Structure formats: structure tokens, C-alpha cells
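S.K.: From just these sequences and the hints, can you work out the full model?
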Amino acid sequence: MLNIPCPYCGNRNESEFIHGGPAKAARPEDLAEIPDADWVHYLTVPRNVVGPINEFWWHVKGCGKWFTLTRNTLTHEINDSGQGCTDGD
Amino acid sequence: MGTEMRLAKGGRIDRKKPIRFQFNNRFWSGFEGDTLASALLANHVCLTARSFKYHRPRGIMGVGIEEPSSLVELVGDESCGNLPITTVPIKEGLKAKSVNCWPSPERDLMSIAQLFSGLIPAAFYYKTFKWPNWHLFEPSIRRAAGLAEAPVRPISAGHYETRHDHYDVLIVGAGVAGLTAALRIASAGLRTLIVDDGPEPGGMLIGQSIEIEGSPADQWIAGTVDELSGYDNVAWLQNATAWGYREQNLVIIAEKNPDQPMLHIRTHRIRAGKVIIATGAIERSLVFSHNDRPGIMMSSAIGTYVTRYAVKPGNRIALFTNNSSAYSVARELSVAGIKVAAIIDSRLQIGDAEGFIDDETRILTGHEVTTTFGRSRIRGIRVRDRTTGASQRIDCDLLGVSGGWNPTTHLFSQSRGKLEYDSDLEAFVPGVAAQDCICIGSAAGKFTLKSCMEDALLNAQSVLRQLDTSAPASLIPSCSPEPEYAIQALWSVRGKSGYESRSFVDIQNDVTLADIQLAIREGFDSVEHVKRYTTAGMGIDQGKTGNINVIGAISAQLGVLPQDTGTTTFRSPFVPVDFGSLAGNREQSVSLPYRHTPITQWNREYGACMYEAGARWQRPGYYPRPGESFQQTVNRECEAVRYHVGIYDGSPLGKFEIKGNNALQLIELLYTRSFSSLKNGMGRYGIMLTDDGLILDDGITFKLGENHYLMSTSTVHADEVYRHIEMLLQIHRPQWDVRITPVTTQWSNATICGPMARELMAALGTDFDIDSEAFPFMTMRQGNVAGIPARIFRVSFTGELSFEINVWSRHALELWKKIMQAGKAFDLTPIGSEANHVLRVEKGFLSLGHEVDGTADPYDLGMGWIMSRAKADYLGRRAIKIRRSAEQPRREMVGLLMDDKDKMVDENAPITPEGKPLPSEGFVSACVWSVVHNRSIALALLSNGRNRIGQKAFIRMKQEVVQAEIVEPCFHDPEGQRLRS
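In order, the protein sequences belong to chains R and D. For the first sequence, the residue numbers in this note's numbering are 1 to 89. For the second sequence, the residue numbers in this note's numbering are 1001 to 1981.
For the record, the hints were derived by calculation from the structure and aren't laboratory data. Just so you know, these numbers come straight off a predicted model, no measurement behind them.
Each pair of labels, with its calculated beta carbon distance range:
{"hint": "1", "chain 1": "D", "residue 1": "Y1685", "chain 2": "R", "residue 2": "P35", "range": "27 to 35 Å"}
{"hint": "2", "chain 1": "D", "residue 1": "F1579", "chain 2": "R", "residue 2": "T75", "range": "26 to 34 Å"}
{"hint": "3", "chain 1": "R", "residue 1": "V60", "chain 2": "D", "residue 2": "P1261", "range": "32 to 40 Å"}
Covered stretches of chain R (in silico footprint by chain D; criterion: 3 or more residues with CB under 8 Å from a CB of chain D, positions within the stretch not fixed):
{"hint": "4", "region": "6-20"}
{"hint": "5", "region": "23-37"}
{"hint": "6", "region": "51-65"}
A virtual CB, placed ideally from N, CA and C, is assigned to each residue, including glycine.
M.R.: Here you go:
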């Protein structure tokens, strides 16, 4: 079980959270400018890295905050929580 | 009943407390402090098991969790399978039996298998029973080769529980290294937890004659424990096994507390700043012909039975070793007055210090045991001079074997730490750690008492440094002189032809040297492949005594060094773990509690058949009357709604209040339809997509006021919708001023539906006009119903005139009872979710999970009108546009009328071209009995279905093909006049 640092509540057990997938850039305001292929890529090609990856997590059984953290998929090392950082992709 | 093998004095048993227990349907006696193994050995019971595959007679080989041979099953209230016999403490009334033999290990009927053992080598079953189908053979093979039966029901009494805790330092193992380190860590004031799997601390040191600081070992243990108990920053668990090491220094421990018999296992999940692994070492066996007879035991186990349990496991003892540790055992036995007849040492030369025991023990250096004799108990061994080849027979009834020691690195490996091969020790030792942990003492390959203590102190010191604390220096205690550990690898002993198939490398799984060699010949030459092909190292004991011999055998066969062969992956759990202990007190109903509406109790009293209807909500499925069948009940409830009036509890529907300056903007982004023209007090149906263009949910949203909306969602997807919206707001649109609040359980509702709904509303009494012009469809009112403040919505789930009366949940039952009272005059009928489903299918209303199956979009459901053209953007719009531009045929929602009007078809039954066994072109999403048409009707998703209305579809059922006409997916009131009435 991961020990996840919530930006508001501090370290809490993984069972209080829901994983929201690899972090993405915020949904654009205007899609008209984006070519179809890029939009399909944004929607359907998740980053699947071995090593550090930015992820969305939701502290659903706690404060309710959605936040981004960096987790190493190989070692489960977690750092850089709650910076609101997103991965442009 | 004799206890003839019990020594007159010594041991850690309480001779004043005799205990009677049952083993294999016979009564035996032992003393408090005994394990099942020690008590049986004291009774001179030697044959305790039959082997896994060949049903060979087996005895007790170990003394603790490493026991590979004898597994027992507890019978009765505490039924539990596959426990190593050495780990079961005896207590009054204990009933145990050997696994995998019938009727008893002495007269096992399957023992005939051993005659054919040559015919069933590794992978025999894979190769032989593959035609026509393995499943034909599986049941009888599983019966013959197997372990304990699974208990048929949960334990009748008692419970499991879980605790979570945090410590600065966790010390696993309270042997000499653990205790030495603990003292140092504790004195620095760190919060420390000591965990030990034995009934008392001390580990291998218990009962040893060796002296520390001039006093016996036991006294040193007692003194150290006493000192530690003076620290209130130290917590202590005995009978507790750390079995799992997870990410971020989470260690999982199973504690059996003998003082709390009703508590089966308490699981501790400990998050520690630093983990000190002082788990000691496990002796490994030697591989030679017939090395599995009852009476062959690990040599250290013999020592432990004598010193800890005062049991002499044999009368004439021989030891076979390739290292110095067997001599320490012989010396301990000598102190207890037990003579060792002979020590067979494969090494040519041994040091003077290690060799001295007494004048009577024969020491045969440069010799090896080639085979053993005896049937149900060993009677003798064949010993060969490794130089000259001359052989002799030596009689014995107990053979201790020692193939060297393996540091117990399981937890370290689970933490992803790397192991390295130490060729001086001929063992894998901990290398680079991956997490914040450290191995000390014999777990780090320090196999003498002095080096153990030095190592523990040194490492404790460095832990303190790393944690920025310090403690007064302490000196290494002096201990009596002991020889250095010395070993020379001996991976197997060559015997007479065919010896390989009698030389067991994995006792528990009956894997022989021949099996390993066969696997390698067939190309499985990596250690991971050999393990899977032969099953070596699997099972309850996970090869604790045998695994390194497997690696040695592979290396010898391939002519490489053990470090190049490497180890298999050590996985948790380190010891078998009860399922109950994993669940702890989070049984299903506790961890995922059911949700109830305020009407549940009324429903039960009224005789409703209750079950889960999505999202853990308990809802009434139907309300059977005495003598009524399921279908009769559902038909009656449906008819009530269509022709009179019905009522249902719609409280579980998801409800969310949305407020803020950007509320409308949020709703416009979420739903495909435009809500911008919605006026106060009006509602609109909407479909919500995810951004990849699939339907997430549907529901009606009312405008309660300026920038204030009430969104209702399906019961099943309410939580998912909440997640979806919160993610959208917090991550993608944090700049928006809008908040969403779940109010699902704040508001309960009773929905009155049917042609007479308005009359019933009038009878209840309202303080607002309920006339159809004054209160039309898709509007809401706030007012009082039967004197209770309410929000009343004119929406319809059933296709009939409906009033959804929402009240605060605390008023829900009162409202419900008032409606039932007033409803008597109208023959008001409560309806369950089954009738609701039928009514929705009749109307062609989609249901999530049926028609909305995760692939359909609104066009497929004939709802293209709901996809706004005016809005520039909403979630999913772009994706649907891209997907539909491919112009592939899509599965579209249609109705089906079976040619035989009484024929019901299965939900999810495939539809194929002309009913042939071809790839399906769709499936039945729902089939119900329509009360309006008195026939069966169905909905389906069918490829290009909209264009095929009027044609035939062929539904493939298990036994037959059913023909149906494709029709519009609405069977009742297609104009919607009734719901608007």
C-alpha cells in the first residue's frame, strides 16, 4: 500500500485515494485549432513509462482534493506532491 | 501412552501442565510449551506424513516455519489446512490430522504411487493428460496429489483484526542480533517495535549451553529482555511473523496472541522509518539417495528439540554435514547427555577447534552418505569414503543433515534488495538495499555468536547516525570461544544408478535431482523456468530448506557458478497467511457497507424481496404476495402503474446541487444538449459523455434559481459522475467559480406514477396547484405535500404520469406512510426495481449497463436530437465526430418482437446473420414480459439496426435459434402523451 502525500492532509494510506491516471495537460478551451490526430492522441494514448511519471490522484476519502504527484513506477518512490504540475503530452 | 523420548530435565516446557490432544484420530499427551511436532517426537512418533506426489512416508524434518515435510490440517471449529506441524502449539482439545493420506500415514492407500514414481517425472501431467482435455483428468489428479482440503465454512467463532502503526525503527527477529541491536536503538529513545515469530524471544540462542558475559545464554536473554522492558518507547510482539515487505517500508505482520483465543490473527501494518532485519538463518538439507526417510532431520532441529523441548528425537544419532555447524549441535547434545554415534563430514579436513566433542563420537571426514535404509523409519546409512570409495553401513535411527546455512533474506528480497553470492559461505547474502532497511546478524551471513553481536552493534550504531541520534557506547559482550563457520559446498552425492530419482531437492513438492536434470535437458535452463517446470521451491515452505540446493544442482548440471544461476524471486508471504487475516475486520459488509434508504425497514416488513441494485444500494426487487410467483408479482406491479397507480422509492438516484457563476458553463460542457434556455423551475433531460465520446450517464437537471441547479444521475453511476465532475473542475477548469455538492442522501423521494397519480396527490393534499396546465411535465414545485415540505418534480421513469416527491430524508418514512394510507382508496401498489425495469423497456428508455454498454453513443440509441448543433463544444463531441466520420456500420438500438409471442430470450444472447454460428452482429440488451401487449418484448443493439426495421433478426440461444421482427424501440405510448398528461 502506497503512502501518498496529500497536499492538504499529509501522508495518508493509498486506500483513501482513487487513481486518476497519468497526468495530462488541462483540456483545451478551444478544440477547433487542434488536428484530429492530436486530439485522438490526447484522449487515447496514455503515457506508460518505466520510471517517474506524473499522475492524478483524488483524496476521495479525505479532503476531496485532486492533485498531481510524481511516482516512480519501478520503485513506487513518490515526491513532488500537489504542485498542480501537469504533463504536456 | 509413553513419553519415552522426553528428557528428565531441561527445555522450555512446563512439565506441570500436561495437555491431551488428538492426532490422526488418536489421543496423545504433551506439555504446555510443546508444538505438535515436539509432542509427537516425545511420543516417539516418527511417521507423520505422506509426500505430495509419490505418497512416500515422511517424518518431521525441521523445527519451525522451514518445515518442508509434515503438514497438518486442523479439524473442528478452527479448521485450517496446510500448517507445518512444527508451527502448531498444542492445547487442550486440539484435533489435527496429516494431509494427503488416507486413512493414515501408516496405511496410506495411495502409497502405491511410489512404486510408479519413475513413471511420473516432472511435467508428466502436462505431457500426458493434454488430449483431449486436461479438465477431464484434473479432478482425480488433484485428489491424488494435493494438500489439505479447503475448509467448507468460515471459522465458527472468533475474529480477525487489523492494526496500523508507525515506528522509527522496526526490528524483525528477537534473536541475539535483534536483541543486541534493540538495546542500543531503544537507549537512544527511538520508538521501536520488536517482532518475533517464536513464543519467546531468544531465537536460536534459547537453551544453548554457550555463555555470554560469563552466564548461560538464557540468562543473557532474560537480562536483555528485562532491560528492554524498562523502555516505554519499545513495543514488543511475540508469536508474530513479518510476512510481507511492501513499498515505502510497509511491513505486514501476522500476530497470533495465545492470550486471546477468540482473536485468530491480528494483522499489523507497520510503516517504519527504518527496518532492521534480524531474521537469522535457515539450515539447508543435503541431497543424496533416499534423503527423505522419516528420521532424517535438519541437524540444528535436533539440537533445538533437545534444548528447547527436552525431546530426544532418536536413540542412535548420526550427523551428515559439509560444514562446521553440526559439531556445535553434537556438543549441545553431549551437554544434555546424548551421544552422537558418528559424524560424517564431506570435507577432507576440519579445524581442531570445531571437531572436538567427546572421545566417543566417531568423526568420518572425507566421507559422504550415499543412501539410507529403513521403511517407516530410518535404520541405517551407507557411508562412502570420498577418496578410496570404500563403503560401510552405520546403524542409526536418526540422521541429522546440515548442508550449510542460508541467511533468511526473504523480507530483504521482497523489499527489492539485491542478493549476492558469498562463496566463502556458499550462500546468498544481502547486497544493496532498495529501501530503508538493513540486515544484521546471521541474516547478513554472520554465523557465529560473536560476529552476530558485533554486526548488530555496528549496524545499530549506523542506524542511529542516519536517524541523527546517538546513545551511550556499549561494549560487545564477551562469549565463550567458538570455531569459525567453515563450509565446503556439496550439492549432491552420487549414488547407485538411478539415485537421482530418489534424491530429493524439494521435499515438499517431491522434486528430485532427476526432475531438475530432465528440465535442463528439455531446455528449461534458467532457474525461473526450472522452478515452474518442476515446481521446485513452490508450496507452503517456498523451498526454505531446499531452494539453494536446486540452484546448486542447476549450476552443477550446467557447469556454472551459483552466482551466475541466481535465485528465483522471493515473494510474499514469507509464511502461509490466512485469508481471514488479510481481510481483517474488513469483511464484505463492513468494508463495502450496503446503502439503505429510510424505507428499508418498511419494505422488509411489507415482505419485499430486497437485493442490491447497483452502487451497494439495497432496494426492493419486488413485493410478492402469498402464493404469487415472481412473474405474477412483476406483472401485477406493472399493471398497477399502467392502469391505476404505483409508488416506488427513488431515493438512491444520484443528486447533485451545482452552484456558482460558472454553473451553467459547467452543465453545458458536461451535457450534449443545450441548457442555456432553461428557465427557473424547469428541467431538461441530458446525456453526459466522457471526452472519448462514450455515454457516462443520463439524467434530468432542474434549474432551481440563478446559477443554481439540481442534477440527478443514475443510481449506479452517481459516484463515477461525481469523480468525473470533480476532476474536471479541479484539474481542467480550476479557474471556474462553481461548486458541486452531492445531496443524494440528503433528499429521499417517493415517486407516485400511473394514470391516477394526480388523484392520489390531491388526496394527500398539496399547497400548490397540481393541475396539468399549472404544473406541467418537466417542471418542479417547492411546497408541502401532506404537510411535509417537499420539492416535487414532474418527471417520468415509467412513461406514466408521475410525481417525484423529494423530502428531507428524515421525513421520508412519514411521507411514505401517509401516501400508503391515502393510497388505500386507489389500490396503490408499491413496485420494485424489477417492475421498473419492465416499464422502462416497454417505453424504450435506455438503462445503463444494458443498452448503454460502454460502446454506444446517443446516435446509436436513436437520440441524435440530443446532440446540440448550436454548442461549439461539450465533452465527447469531437470524439464522436471523429469516430462517425469513418462511416462504419454501428450497432444501433432496436426493438425485437419474437415470432413466438411467449418466447423469452436471454439478455446478452448474440444475434447473428440468419442465426448461423458466425460473428455476432448484435445482442439482446433486455427482454421482458410486456403487460400492455401481453407478450414478450426485447431491446437489442444491432449492427445497422435502424435501417433494418421491419426485417428479421436471429437470436442464438443455447439450445435454439429464435426468430424475431426488428421494430422501433418503443412499445408503449410512443408520442409520450401519458407521461405529459
